[in-house]
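*Asks:* Take a look at the letters that make up each chain.
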Amino acid sequence: MSAHARRIGAHLTRRARWRWSEIAFWLAIVALIVLFPSRDALINEILVSGLFALSLDLILGLAGVVSLGQAAFYGSGAYATAILASQGYNDPTFLLLVGGIVGGVLALVTAPLLLRGSDLTRLMVTMGVALMLGELANRNAWLTGGADGLEFEMRPVLGLFPIGFTGQRNAAIYSLVVLFLLFVLARRVKQSPFGLSLSAVRENRLRAGALGIATHRRLIGVYALSGAFAGVAGALLAETTQIASLDLFDFHRSADVLLMLIIGGAGYLYGGVIGAALFIVLRDVISAATPQYWEFWIGLLLVVLVLSGRDRLSSLVERTRRMILPNTARPEVPK
Amino acid sequence: MLTILLDGVAYGMLLFVLACGLSVTLGLMNFINLAHGAFAMLGGYVTALLMNRIGAPFLATLPLAFIVPALVGVALERTLYRRLYGASPLDQVLFTIGLVLMAMPVANYWLGDSPQQIHLPAWLQGRIEFAGVGIGYYRLFLIVICGAIAAGLQIFLVRTRFGARLRAAVDDPRVASGLGVDVDLLFAVTFAVGSGLAGLGGALAADVVGGIDPAFPLKFMVTFLIVVSIGGSNGILGALVGALLIGVLDVAGKYYVPSIGAFIIYFVMVATLIVRPQGLFAKGDGR
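These protein sequence lines are chains A and B, in that order. The first sequence runs 87 to 421 under my numbering. The second sequence runs -17 to 269 under my numbering.
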């Protein structure tokens, strides 16, 4: 190995190391769960949405693919869980796996649709797939319960910890564990050669192809992975709330998760969780004051954010983040 | 059978008036305007309020349903939208979703969330039987009005100097501006007309969709986008074909196979985009 390659190797190893600030981030979440037992349902929602936003970060942040249809995988994961659970297969760990597989396979099947056309085509196709699935779920009420949704019972996690309305704290801890494990996986993927090649594809697809990266296969791969993450997030939501409803496929789910990721910042993996926390807390606070009009403030936030330049805001985030999490190189937000 | 076809055509024509502004904005500036439905809502509200509060006749309100959204459109275009030309599609989508999210609570705040009904004048109610085919007067009225608008726009685009400039700018804005076309001004005017048409469409649609309510921009945003992405961004013809296709398929689908509902139009969109990612009438397709 040449000295040059060794130096790059050492740089990548250094970059892959866990930093104290990252450990502190996760410990802080544990502390929140322990300190605010009355808020555990909200914390759980943040963690599940954070996982969902993380799944979007995999395609948007790492690969630069825009999507308005991430709810397709979220909803499918949740419904796969709900349907199996109402049939009596209600072991949470098993169902998470099922949700992940369903989301992943669905993404794998629909991924070729993403490879052609402009960003607008991609936005429309991803949105169309989610809406189609929602309509299917709506029309096959014998399976999905239709507009009433599907309620079911859950067995305790690992046969020990009951989750749901009687075990809000257990549910939050369970979600945290799942989120953390998948986060570690996403972090690993980002630093793997596969993840590095995705950065190349995001920065310049033509050039990445010329360098010998099989861009199409990489994009399909990461899209399937993202679908699997979203499927697990959906399964987790279904398990911890013990209901699956049609609005999981709604356009506003896909839009909300995009907003969360944008608010938190795309591309450095923590953005999803941070954005989900900000979005949900903001919604909670504003809708406590003006229940009907909270959307207005989110809209205003978005307009101001885009007009003042997302870059400027994310550079602010970046500077703060440097203070908190030094030395984690962060790729540019995709254009 | 023919009745359904005519109903579908009427709905399609309506969709065309609603969506053609979006199609031109998209073609001219590559701008993804998800807030287009908000202008349609504004037009619908103008008509509904004028009729319900001061008892203005339906036809007299229509010009205002065009003018008010057009003015609001040009004001927004000059102040906000223009900053985002050339921004990434993601930014445009976020910005316009933000506008929609703001427009809905504002409408809700001033007017409440119950739908504002439009009561059609007596001469537009009822049906006519013609050679065994029944059609509502209002449907017929829609086909005539919207057909006239489509024809008028097409003639305007093909025959006038402004139309020629616009087509040139849609085909290639850079070359057009190099040849002395004021693309900036062109776009402001087009944006105003597009917003105005959306408003007019909203006013005309109010009866068909059961009243205008604050959720209108979001409910129909998806439909507009489907029309535009199927038709492609090549101006009038693409939008017209896309709108008619979706209108007929939607009405026929809901009548013949109600069990799959709106599935059919989503399916048609995805299938179209798989075969032709730029839509049926893509830009630079060699007219």
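Hints may contain errors.
[As the list claims (entries may be wrong)] Listed below are several chain A residues computed to face chain B (Cβ distance under 8 Å; list not exhaustive):
(1) Val211
(2) Arg274
(3) Phe337
(4) Ala341
Just so you know, the hints here were simulated from the structure itself, not pulled from any lab data. From the three backbone atoms N, C-alpha and C, an ideal C-beta is built for every residue, glycine too.
*Asks:* Could you check if phenylalanine 337 of chain A really has its C-beta closer than 8 Å to a C-beta on chain B?
*Replies:* Holds, about 6 Å.
*Asks:* Using the nearest Cβ pair, does valine 211 of chain A come within less than 8 Å of chain B?
*Replies:* holds, 5 Å
*Asks:* Regarding the hint that arginine 274 of chain A lies at the interface with chain B, is the smallest CB-CB distance below 8 Å?
*Replies:* violated, 26 Å
*Asks:* Would the hint on alanine 341 of chain A be counted as holding, given a Cβ-Cβ threshold of 8 Å to chain B?
*Replies:* holds, 6 Å
The structure shown violates just one earlier hint, number 2.
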